[in-house]
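Peer 1: Following the hints, put chain B in place on chain A, whose structure we already have.
Protein chains: 2
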Amino acid sequence: MDRRREELMAAALELFGRRDAGNVSIDDVASAAGASRALVYHYFGGKQELYVAALRSAAADLEARLRPRRDDRPLEELAEGLTRYFDFVEQHAAGFAALLSGGPANHSGEIGEIVDGVRNRLFHLITRQMRVDEPGPVLRVTLRAWIASVETAGLDWLEHRDVERPALERMLVEHMVALLRVGAGHDPQVDRLLRGLLREHAP
Amino acid sequence: MDRRREELMAAALELFGRRDAGNVSIDDVASAAGASRALVYHYFGGKQELYVAALRSAAADLEARLRPRRDDRPLEELAEGLTRYFDFVEQHAAGFAALLSGGPANHSGEIGEIVDGVRNRLFHLITRQMRVDEPGPVLRVTLRAWIASVETAGLDWLEHRDVERPALERMLVEHMVALLRVGAGHDPQVDRLLRGLLREHAP
Numbered sequence: 001m002d003r004r005r006e007e008l009m010a011a012a013l014e015l016f017g018r019r020d021a022g023n024v025s026i027d028d029v030a031s032a033a034g035a036s037r038a039l040v041y042h043y044f045g046g047k048q049e050l051y052v053a054a055l056r057s058a059a060a061d062l063e064a065r066l067r068p069r070r071d072d073r074p075l076e077e078l079a080e081g082l083t084r085y086f087d088f089v090e091q092h093a094a095g096f097a098a099l100l101s102g103g104p105a106n107h108s109g110e111i112g113e114i115v116d117g118v119r120n121r122l123f124h125l126i127t128r129q130m131r132v133d134e135p136g137p138v139l140r141v142t143l144r145a146w147i148a149s150v151e152t153a154g155l156d157w158l159e160h161r162d163v164e165r166p167a168l169e170r171m172l173v174e175h176m177v178a179l180l181r182v183g184a185g186h187d188p189q190v191d192r193l194l195r196g197l198l199r200e201h202a203p
Numbered sequence: 204m205d206r207r208r209e210e211l212m213a214a215a216l217e218l219f220g221r222r223d224a225g226n227v228s229i230d231d232v233a234s235a236a237g238a239s240r241a242l243v244y245h246y247f248g249g250k251q252e253l254y255v256a257a258l259r260s261a262a263a264d265l266e267a268r269l270r271p272r273r274d275d276r277p278l279e280e281l282a283e284g285l286t287r288y289f290d291f292v293e294q295h296a297a298g299f300a301a302l303l304s305g306g307p308a309n310h311s312g313e314i315g316e317i318v319d320g321v322r323n324r325l326f327h328l329i330t331r332q333m334r335v336d337e338p339g340p341v342l343r344v345t346l347r348a349w350i351a352s353v354e355t356a357g358l359d360w361l362e363h364r365d366v367e368r369p370a371l372e373r374m375l376v377e378h379m380v381a382l383l384r385v386g387a388g389h390d391p392q393v394d395r396l397l398r399g400l401l402r403e404h405a406p
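These protein sequence lines are chains A and B, in that order.
Just so you know, we're using my numbering here: the first sequence kicks off at 1 and counts up by one.
Just so you know, we're using my numbering here: the second sequence kicks off at 204 and counts up by one.
Next comes chain A alone, as it looks inside the complex (with noise of 0.2 Å):
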């Protein structure tokens, strides 16, 4: 990719992590990046489409944040992909916060495929991890509740601030174990699922 296009994406993200997108400019992006604003408009067209751009940009760097470092232990895996998830909210943070929290006066369909798109993919990464070909219904109910329930506490997080991180992440991944045990007691898929994971972290 064009190096100078690159610095302005960077200046984005940057911009639009420490604030609310309807508070970035063209200019504060160009300026930032010691770049003119018409190259802003050359390489992005407009406001819009640098942030609908910046947000692609997030979603990759998220993904290959989330990416497993190892085959094992599918648990402690999840426990260090939350860790390097809140490093992510935190960095983003205005953007993660106007993005998930009922923010700006965005209504392009785009954006919201990008956010389910995250989603989408959270799924079959966790999935994978825990070597899962066909996830049932149950699976798959339990497996988006937690997905979900990990955003709102990084939202909740950037709002307060009042639980520490890693207590807040160790929570999260007791809140996986403890739905995936809810969902055992009503299919057998989930059962077997628990079973493995709990006997490969066993001592």
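By construction, these hints were calculated from the structure, which means they are not laboratory data.
Among the clues, some could well be false.
[What the hints assert, rightly or not] Facing chain A, according to a computed beta carbon distance under 10 Å, are these residues of chain B, among others:
1. Ala262
2. Val335
3. Asp336
4. Gly339
5. Val344
6. Ile350
7. Ala356
8. Trp360
9. Val366
10. Arg373
11. His378
12. Gly386
13. Asp394
All residues carry an ideal CB built from backbone N, CA and C; glycine is no exception.
Peer 2: Just chain B now, kept in the frame of chain A:
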């Protein structure tokens, strides 16, 4: 409230429940209510205002349905509340899915605020029902996570309908207990609350 306005609103809610807002026109609403296009404009001003008014009305309806019917046994009340929640989801299927899939990034600030307002009032309904005056951080995160997972389960059910509703509703009540159990390991307020809840439901 004006009867004519109420009829228009009922027609709008019915249409927004069956079709994505993008596929509902002022003419559709007028003709469903046996009214003129001019009357819809008279009462609501335009499509966006009509949509926002319908959303407020649906939010008020949801909150009325979720208001607890009795004081004791909060977990049973929660189970019954979930049944009424899923009745609502079913009745407003298209509108609910369109509103919540993709997240609030899809909407104007006003709409995001209505959605967040419903979540906040749900939160307070639940804490009141559980007789908690001041939810601490761990309880707050736990309940917000649960509310998010209920919303996601509602969306998932509309998409797939491959788990029976009663089983899904039972799972979600079990999720609440499971998440509180996790929270109890991190915070004495949650621990006391959970013991109280379980004692109240002991045979």
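Peer 1: To test your reading of the hints: which numbers does this structure violate?
Peer 2: Hint check: 1, 2, 3 and 13 fail, others pass.
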